[in-house]
Amino acid sequence: MSATAGTTRPTEPRDGTGPVVAFSGVSKTFGQVKAVNQLNLTLHAGETVALLGPNGAGKSTTLDLLLGLRNPDAGSVEVFGTTPARAIAKGLVGAMLQSGGLMEEVKVKELVKLACDLHPRAYKVSEVLESAGITDIADRLVNKLSGGQEQRVRFALATAGANDLIILDEPTTGMDVTVRQAFWAAMRRQADAGRTVLFATHYLEEADAIADRVIVLHRGRILADGSAAEIKAKAGARRVVFDLEGPIDEGALRGLPFLTALDVSGHTVRIQSSDADATVHALYGLGVYPRNLEVSGLGLEQAFIAITDAASAEEAV
Amino acid sequence: MSTTTPTTTPATPTRTPSAMSTTFASSSLIKLEILRTLRNKRFMFFSVIYPSVLFLIISGPASKTAKVPHTDLTMQLYYLVAMASFGALTAVLMGNSERIAKEREKGWTRQLRLTALPGHGYVIAKIASAATVTLPTIVVVEVVAAAVKDVRMEAWQWLALTFAIWAGSLVFAALGVAIGYLASGDAVRPLTMIIYFALSILGGLWMPSTIFPTWLQNIAKWLPTHPYAALGQAIEVGHAPHLQDVLVLAAYLVAFAGGAAWLYRKDTRKA
Chain A
1 MSATAGTTRP TEPRDGTGPV VAFSGVSKTF GQVKAVNQLN LTLHAGETVA
51 LLGPNGAGKS TTLDLLLGLR NPDAGSVEVF GTTPARAIAK GLVGAMLQSG
101 GLMEEVKVKE LVKLACDLHP RAYKVSEVLE SAGITDIADR LVNKLSGGQE
151 QRVRFALATA GANDLIILDE PTTGMDVTVR QAFWAAMRRQ ADAGRTVLFA
201 THYLEEADAI ADRVIVLHRG RILADGSAAE IKAKAGARRV VFDLEGPIDE
251 GALRGLPFLT ALDVSGHTVR IQSSDADATV HALYGLGVYP RNLEVSGLGL
301 EQAFIAITDA ASAEEAV
Chain B
1 MSTTTPTTTP ATPTRTPSAM STTFASSSLI KLEILRTLRN KRFMFFSVIY
51 PSVLFLIISG PASKTAKVPH TDLTMQLYYL VAMASFGALT AVLMGNSERI
101 AKEREKGWTR QLRLTALPGH GYVIAKIASA ATVTLPTIVV VEVVAAAVKD
151 VRMEAWQWLA LTFAIWAGSL VFAALGVAIG YLASGDAVRP LTMIIYFALS
201 ILGGLWMPST IFPTWLQNIA KWLPTHPYAA LGQAIEVGHA PHLQDVLVLA
251 AYLVAFAGGA AWLYRKDTRK A
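Chains as they are written, first to last, in this note's numbering: chain A, 1 to 317; chain B, 1 to 271.
Keep in mind the hints are simulated off the structure, nothing from the lab. Please note: incorrect hints may appear among the correct ones.
[Stated by the list, open to error] DSS-like, lysine-lysine: derived pairs with alpha carbons at most 30 Å apart:
1) B:Lys31 <-> B:Lys266
2) A:Lys144 <-> B:Lys64
3) B:Lys41 <-> A:Lys34
4) B:Lys106 <-> A:Lys34
5) A:Lys90 <-> B:Lys221
6) A:Lys109 <-> B:Lys149
7) B:Lys149 <-> A:Lys124
8) B:Lys221 <-> B:Lys106
9) B:Lys106 <-> A:Lys109
10) B:Lys64 <-> B:Lys266
11) B:Lys149 <-> B:Lys266
12) A:Lys109 <-> A:Lys90
13) A:Lys124 <-> A:Lys90
14) A:Lys124 <-> B:Lys106
15) B:Lys67 <-> A:Lys109
[To be verified] Pairwise CB distance ranges, derived in the manner of DEER restraints:
16) B:Thr214 <-> A:Phe30: 45 to 55 Å
17) B:Lys41 <-> A:Ser27: 15 to 25 Å
18) B:Leu38 <-> A:Ser99: 26 to 36 Å
19) A:Ser99 <-> B:Ala255: 48 to 58 Å
20) B:Ser63 <-> A:Ser146: 36 to 46 Å
21) B:Arg265 <-> A:Val241: 18 to 28 Å
Only a predicted model underlies this, so the values are computations on that prediction, with no experimental measurement involved. Even for Gly, the Cβ is constructed at its ideal location relative to N, Cα and C.
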């Protein structure tokens with residue numbers, strides 16, 4: 001059931017233009033592992049999309065398939081209505097991969113110039129350097145950079161020309177907080193300019209703050225697809241925590257209305273609820289005396305864990 | 001860590017699509033490969049200076065009239081070809097194999113696949129830049145031989161010699177690419193070294209192969225370095241290169257280039 005759970009987005013083209021990316025029934029298997037399993041995914045022009053998932057969820061494989069670095073075993077991948085390789089050759093796609101290395105023993109500006117020379121719709125080298133915030137290290141050798149600086153050079157290579165789609169695989173890994181903020185500011189300008197941005201990340205706050213659409217991937221399938229708010233709602237919007245003295249009647253607690261998850265450890269009860277007010281009201285109706293009652297919003301991180309845990313439990317049954 | 005804040009997003013592309021520039025290879029990438037090779041002082045020493053130094057050390061004390069056994073060549077002429085070929089071999093084999101293996105491992109080849117550069121553009125740039133470095137290697141040995149050891153030949157012989165050694169080095173450039181796609185990590189350097197020394201020594205680049213026992217000579221004469229050196233030796237005595245040598249080299253070129261292409265495609269499918 002989880003495979004179809006995420007199709008809350010319209011799959012029709014917006015504004016009369018075709019989808020930017022279209023996966024239909026895409027599968028990719030490595031040995032016994034189904035890295036991507038019957039994936040259907042459509043990205044539309046102008047969206048900023050976060051791809052979330054635990055390690056091994058299939059994020060990198062999905063991006064590799066999108067970029068034509070791997071071929072699917074089944075299904076089809078289209079980018080701007082053509083093959084990934086053709087879209088890249090036309091200069092429509094820029095990508096920054098974790099596994100993407102840099103040419104060594106050359107200066108930063110020389111490498112950026114190469115990227116501009118290779119791009120069919122290139123920007124000026126000085127503009128690309130400035131946009132990526134690497135003007136001050138332009139004369140350094142690539143192999144003498146810190147991890148964060150390397151990431152910004154990768155970003156410069158991914159934005160050397162007027163790409164309509166930008167793919168980023170965990171782009172802020174190795175960046176400190178200041179640089180990370182500057183990076184996302186630069187990224188947001190790309191999105192504001194009408195570019196479609198797809199990024200995979202481990203930092204859920206980044207997805208929450210930057211993406212207008214979040215896709216949760218788990219074992220090669222889409223578990224959830226919607227705005228960050230919708231994902232949180234899907235996981236159970238609020239968290240209710242309290243202590244109970246004496247023996248705890250789990251069956252009664254499980255019968256509470258709007259409850260989506262229950263966890264009892266010792267005297268502490270943790271509940272996730274899609275309507276906390278109604279759940280708490282009914283809790284008092286059970287005739288118990290909850291102490292230290294707390295009702296709090298669920299962060300995207302907890303929502304994400306709730307969704308993936310539920311899926312794992314389902315598969316284990 | 002710098003705190004420079006990115007300020008602008010470029011608004012318009014500066015160029016209209018120019019498909020021609022990247023349909024086959026990229027002059028930009030070739031230029032950058034050459035530039036970085038020229039900057040690598042250690043590599044430049046071993047491929048450009050070292051062969052000339054060896055030439056002087058080995059042929060220096062030798063008589064200028066005595067012939068190398070079983071040949072019509074003086075020590076100076078023999079080692080002129082041997083060291084020019086050796087230098088060219090060093091430049092194309094050592095440079096490419098290790099760089100390609102390392103860049104595959106680090107993901108640079110992957111990053112390049114995300115540009116409009118066609119896949120083989122990378123390999124073409126590697127071979128082209130290596131071939132650019134071999135030219136000074138050959139010329140420096142020739143200049144040293146003529147200036148210091150008074151080696152004299154007709155003008156056409158100098159030109160033909162330069163061209164034959166330069167063109168023949170493409171065989172080993174293809175071999176370097178094949179090794180770069182075959183081996184990886186720690187294995188690439190020892191593998192390259194073994195092949196490099198075997199080719200150099202058995203092919204007669206370090207010492208005349210006529211001093212080897214007959215059974216070893218019988219093996220050595222089928223190595224690509226043997227006909228490679230023979231091209232230059234034929235030119236030095238005023239002949240055209242022997243057809244058999246050219247054919248053997250051509251066969252090796254086809255085999256190495258085919259192997260490199262096959263390994264390259266295999267690597268690309270794996271991503």
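Okay, the hints, checked on the actual structure:
The straight-line distance between the Cα atoms of Lys31 (chain B) and Lys266 (chain B) is roughly 27 Å, inside the 30 Å bound, and the hint therefore holds. Between Lys144 (chain A) and Lys64 (chain B) the alpha-carbon distance is near 50 Å, which puts this suggested pair outside the 30 Å criterion. Only pairs whose Cα atoms come within 30 Å are accepted, and Lys41 (chain B) paired with Lys34 (chain A) is rejected, the gap being roughly 48 Å. Note on Lys106 (chain B) and Lys34 (chain A): the hinted pairing holds, with a Cα-Cα distance of about 26 Å set against a maximum of 30 Å.
Distance hint between Lys90 (chain A) and Lys221 (chain B) is unfulfilled; the C-alpha atoms sit about 50 Å from each other, more than 30 Å. As the CA atoms of Lys109 (chain A) and Lys149 (chain B) are separated by approximately 45 Å, the hinted pair breaks the 30 Å bound. At most 30 Å may separate the alpha-carbon atoms for a hinted pair to count; Lys149 (chain B) and Lys124 (chain A) exceed this at roughly 53 Å. Among the hinted pairs, Lys221 (chain B) with Lys106 (chain B) is inconsistent with the structure: their alpha-carbon atoms are about 38 Å apart, more than 30 Å.
Between Lys106 (chain B) and Lys109 (chain A), the direct Cα distance comes to roughly 20 Å. Compliance with the 30 Å bound is thereby established for this hinted pair. For the hint linking Lys64 (chain B) to Lys266 (chain B), the alpha-carbon distance of about 52 Å lies beyond 30 Å, and the restraint is violated. Note on Lys149 (chain B) and Lys266 (chain B): the hinted pairing is violated, with a Cα-Cα distance of about 49 Å set against a maximum of 30 Å. Distance hint between Lys109 (chain A) and Lys90 (chain A) is fulfilled; the C-alpha atoms sit about 23 Å from each other, no more than 30 Å.
Only pairs whose Cα atoms come within 30 Å are accepted, and Lys124 (chain A) paired with Lys90 (chain A) is accepted, the gap being roughly 18 Å. At roughly 27 Å between alpha-carbon atoms, Lys124 (chain A) and Lys106 (chain B) fall within 30 Å of each other, so this suggested pair holds. Using a Cα cut-off of 30 Å, the hinted pair Lys67 (chain B) and Lys109 (chain A) is violated, with the two alpha carbons roughly 55 Å apart. Checked against the hint of 45 to 55 Å, the pair Thr214 (chain B) and Phe30 (chain A) passes, with Cβ atoms roughly 53 Å apart.
Under the hint 15 to 25 Å, the C-beta atoms of Lys41 (chain B) and Ser27 (chain A), about 51 Å apart, miss the expected range. About 29 Å separates the C-beta atoms of Leu38 (chain B) and Ser99 (chain A), a value consistent with the hinted range of 26 to 36 Å. Look at Ser99 (chain A) against Ala255 (chain B): about 32 Å separates their beta carbons, and that is not inside 48 to 58 Å. Checked against the given bound of 36 to 46 Å, the beta carbons of Ser63 (chain B) and Ser146 (chain A), roughly 60 Å apart, lie outside it.
The beta-carbon spacing between Arg265 (chain B) and Val241 (chain A), approximately 58 Å, falls outside the hinted interval of 18 to 28 Å.
Comparing the model with each earlier hint shows violations of hints 2, 3, 5, 6, 7, 8, 10, 11, 15, 17, 19, 20 and 21; every other hint is respected.
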